[in-house]
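Peer 1: Residue numbers 55 to 207, in the working numbering, belong to the letters of the sequence shown in order.
Because the hints were derived from the structure by calculation, they are not lab data. Hints are supplied without guarantee of correctness; some may be wrong.
Here are the computed distance ranges between Cβ atoms for each label pair [stated by the list, open to error]:
| no. | residue 1 | residue 2 | range |
| --- | --- | --- | --- |
| 1 | L65 | P91 | 15 to 23 Å |
| 2 | W160 | G96 | 37 to 45 Å |
| 3 | A111 | T165 | 36 to 44 Å |
| 4 | L65 | F189 | 16 to 24 Å |
| 5 | T205 | P157 | 45 to 53 Å |
| 6 | L199 | T122 | 23 to 31 Å |
| 7 | F167 | T83 | 16 to 24 Å |
What you are looking at is a predicted structure, and each value in this text was computed from that prediction instead of being measured. Just so you know, even glycine gets a beta-carbon here, dropped at the ideal spot from N, CA and C.
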Amino acid sequence: MGRLETPYFGLVGVLLVAAGAVSVLLGLTGGSLEYWPLVIAGPFSIWRGAVVLAAGAFYLTAVTGRITDREDEALVFMGSLMIWIVGGMEVLSILLGAIPGGPEVWIASPTEFLAAIAPPYSPSVLAIPLSLPAFRYAEENVTTLLSRLFTGE
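My request is simple: use the sequences and hints to build the entire structure.
Peer 2: What follows is the structure, encoded as structure tokens:
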């Protein structure tokens, strides 16, 4: 353990810390940044940035221990969980924003829907696929939980 995932999560951690710091700074100054496929804007960018920054800090803290023990794995998983929560809320917001409103229109055409869900995305949405390898650290616990749930132990 710790051979391939240490540099990977180190790089992802650095990217998350940078994106989170920029998001917090832009949120404090009221600015915005759009560099396709990334966008940092909006009134909640301070809080989203703080969560992304903290998740990156969790990754970097785990990497300093070379992800060799359970505590480091838990840090990576918790950082990923933070990304999944904030990014998942953003994805839900994007999907719900693609649904047209009004009494006459209930379903958007495929072109309108695809245009509504097209990039740019916030850093938390772009980080979701990068954080998925953290499932590796919870695999044993999830299978144990599911087996206990379905066998009644």
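Peer 1: Each hint: holds or not?
Peer 2: Quick rundown of the hints versus the structure:
The hint said 15 to 23 Å for the Cβ distance between L65 and P91, and at roughly 18 Å that hint holds. For W160 and G96, the hinted distance range of 37 to 45 Å is not satisfied, since their beta carbons lie about 27 Å from each other. Separated by about 41 Å at the C-beta atoms, A111 and T165 satisfy the suggested range of 36 to 44 Å. Checked against the hint of 16 to 24 Å, the C-beta distance between L65 and F189 comes to roughly 18 Å, which is consistent with it.
T205 and P157 have their C-beta atoms about 50 Å apart, which keeps the hinted 45 to 53 Å range intact. Roughly 24 Å separates the CB atoms of L199 and T122, a value that falls within the hinted 23 to 31 Å. Take F167 and T83: their Cβ atoms lie about 34 Å apart, and the range 16 to 24 Å is violated.
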